[in-house]
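Taken in order, these protein sequences are the chains called A and B. Heads up: the first sequence is residues 1 to 112, going by this note's numbering. Heads up: the second sequence is residues 1 to 184, going by this note's numbering.
Each hint should be verified, as a subset may be incorrect.
[Stated by the list, open to error] Okay, the calculated beta carbon distance ranges per label pair:
| # | chain 1 | residue 1 | chain 2 | residue 2 | range |
| --- | --- | --- | --- | --- | --- |
| 1 | B | Phe18 | A | Ser57 | 37 to 43 angstroms |
| 2 | B | Val57 | A | Ile107 | 29 to 35 angstroms |
| 3 | A | Gly100 | B | Phe11 | 32 to 38 angstroms |
[Stated by the list, open to error] Derived, one-sided and incomplete: chain B residues facing chain A with beta-carbon distance under 10 angstroms:
| # | residue |
| --- | --- |
| 4 | Ser6 |
| 5 | Leu20 |
| 6 | Ile61 |
| 7 | Ala95 |
| 8 | Ile107 |
| 9 | Val108 |
| 10 | Leu109 |
| 11 | Ala116 |
| 12 | Phe123 |
| 13 | Phe155 |
| 14 | Gly173 |
These are calculated hints, taken from the structure and not from any lab test. Just so you know, even glycine gets a beta-carbon here, dropped at the ideal spot from N, CA and C.
Each chain, letter by letter, is given below.
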Amino acid sequence: MTLFILCFVLFLVGLYGVLTRKNIIKIFIGLSFMEFSTFLFLVLIGYIEGGIAPIISKNITNPVYVDPLPQAMVLTAIVISLAANAMLLAIAVKIYKKYGTFDIRKISNLKG
Amino acid sequence: MEIILSIVLIFMIIGALFALHARDLLSALISCGIVGYGLVICFLLLKAPDLAIVQIVVETITLIIMIAVVLDSTRHELEKTAIEKKWKSLINSKALINVLITVIIGIVLLYSFRLAITHLNPFGEHILRMSEAYLYGGADKTGSANLVTGVLFDFRGYDTFGEATILFTAAIGVLTILRIKGRK
Numbered sequence: 001m002t003l004f005i006l007c008f009v010l011f012l013v014g015l016y017g018v019l020t021r022k023n024i025i026k027i028f029i030g031l032s033f034m035e036f037s038t039f040l041f042l043v044l045i046g047y048i049e050g051g052i053a054p055i056i057s058k059n060i061t062n063p064v065y066v067d068p069l070p071q072a073m074v075l076t077a078i079v080i081s082l083a084a085n086a087m088l089l090a091i092a093v094k095i096y097k098k099y100g101t102f103d104i105r106k107i108s109n110l111k112g
Numbered sequence: 001m002e003i004i005l006s007i008v009l010i011f012m013i014i015g016a017l018f019a020l021h022a023r024d025l026l027s028a029l030i031s032c033g034i035v036g037y038g039l040v041i042c043f044l045l046l047k048a049p050d051l052a053i054v055q056i057v058v059e060t061i062t063l064i065i066m067i068a069v070v071l072d073s074t075r076h077e078l079e080k081t082a083i084e085k086k087w088k089s090l091i092n093s094k095a096l097i098n099v100l101i102t103v104i105i106g107i108v109l110l111y112s113f114r115l116a117i118t119h120l121n122p123f124g125e126h127i128l129r130m131s132e133a134y135l136y137g138g139a140d141k142t143g144s145a146n147l148v149t150g151v152l153f154d155f156r157g158y159d160t161f162g163e164a165t166i167l168f169t170a171a172i173g174v175l176t177i178l179r180i181k182g183r184k
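Same shape as in the complex, but just chain B:
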């Protein structure tokens, strides 16, 4: 299980790197889709079918919206001048400070990652603490055979209510931003 997941994750990382370095925005978006649908495969392997369904829908919607945004624009990047400027700025005196800041941030990130990992259980040996109540009484309390929806809509109903509020607010925000003319 761990090996298959690692292979899928490595493919996702390669797709991510290609998406960030593609010259054409459309191919960048398509390789962004590699990462999204790779995540769907990972969810299926990790026994989370609800998440896989939601991720497929969300990824498809996001991809369609992004392609609609990108299609009627200048897709090619102004990359060449950026590289020239990068080499010129390497000689700057600021470069030393920038490298120093980068190294410090990298060390802090690695240290906090190590700190987070050492107190975790190794992969596949998770100990149920909080969700024992959900697992062994959830079906009788909520009447839902699917425990994820039971948790989502019964035990944490207010959470889902807040989520719906956020969706509504985001829809209003998008309508406000894309409004063609302001009201006088």
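The shape of chain A in the complex, shown without the other chains:
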């Protein structure tokens, strides 16, 4: 229970960063914190006390494995988040080239 709450706190820290920071790189960092907390939460759900990693070996009698399904899903999610992060950073580089700053208050053309 405390672990779930701490995970939620990490998510809230990321949300706070996204909402209050003015620097594009810091907004990106907050976004990655939210991703990390979600991954950790999904893996925490699948954990079984006293379980071993889901790799089958014949030597162990009556093994208890942790749930392999959340781990496979999170593996997919990590790789996809890498792709999304690369796109975000490319856009940040483009913005820096055009406006000469990472500060979102200076990028007034985005106000529409």
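Here the structure of chain A is known, so what remains is to put chain B in place on it, guided by the hints.
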């Protein structure tokens, strides 16, 4: 187990808070690395070695790319004026509405978190439902001793195919965005 994980998570939260408040972007990135590698330790403690390996690789690549982005830019933030403006805007009449919206969003978030938590099994007492078929027939069906890769590449092969498509699309997108000159 729960205590060690809690300590690591608290360190991660402290690192996250420092990363968001650091004045220099480079130190912010380094403390972002605290959170990423803390996540690796958590994965190792939770018996997920595949995830730990992938997370190390991804975290290192992201850190290198971000440092390459940040190094040739103005790293210091324009923080001081922001604080002055913040105190001035507190007196505004808009402030009441903003505080109200924040409180409402906080209550909604906490309520949905409670709703999600009450129907979950407590930590460490997970009941296998769907993955029983994977656990007790997976090795014979797929021929892979590692069940995670068995699930990833056999039972959910189309999922991994879609993941590869997303990676390809993202690579094309990055190339398109960073192209120096448009074609006429």
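Quick rundown of the hints versus the structure:
no., hint, result
1, B:Phe18 <-> A:Ser57: 37 to 43 angstroms, "holds, 42 angstroms"
2, B:Val57 <-> A:Ile107: 29 to 35 angstroms, "holds, 33 angstroms"
3, A:Gly100 <-> B:Phe11: 32 to 38 angstroms, "holds, 36 angstroms"
4, Ser6, "holds, 6 angstroms"
5, Leu20, "holds, 4 angstroms"
6, Ile61, "holds, 7 angstroms"
7, Ala95, "violated, 15 angstroms"
8, Ile107, "violated, 13 angstroms"
9, Val108, "violated, 12 angstroms"
10, Leu109, "holds, 8 angstroms"
11, Ala116, "holds, 9 angstroms"
12, Phe123, "holds, 5 angstroms"
13, Phe155, "holds, 8 angstroms"
14, Gly173, "holds, 5 angstroms"
Taken one by one, the earlier hints fail for this structure at numbers 7, 8 and 9, listed in ascending order.
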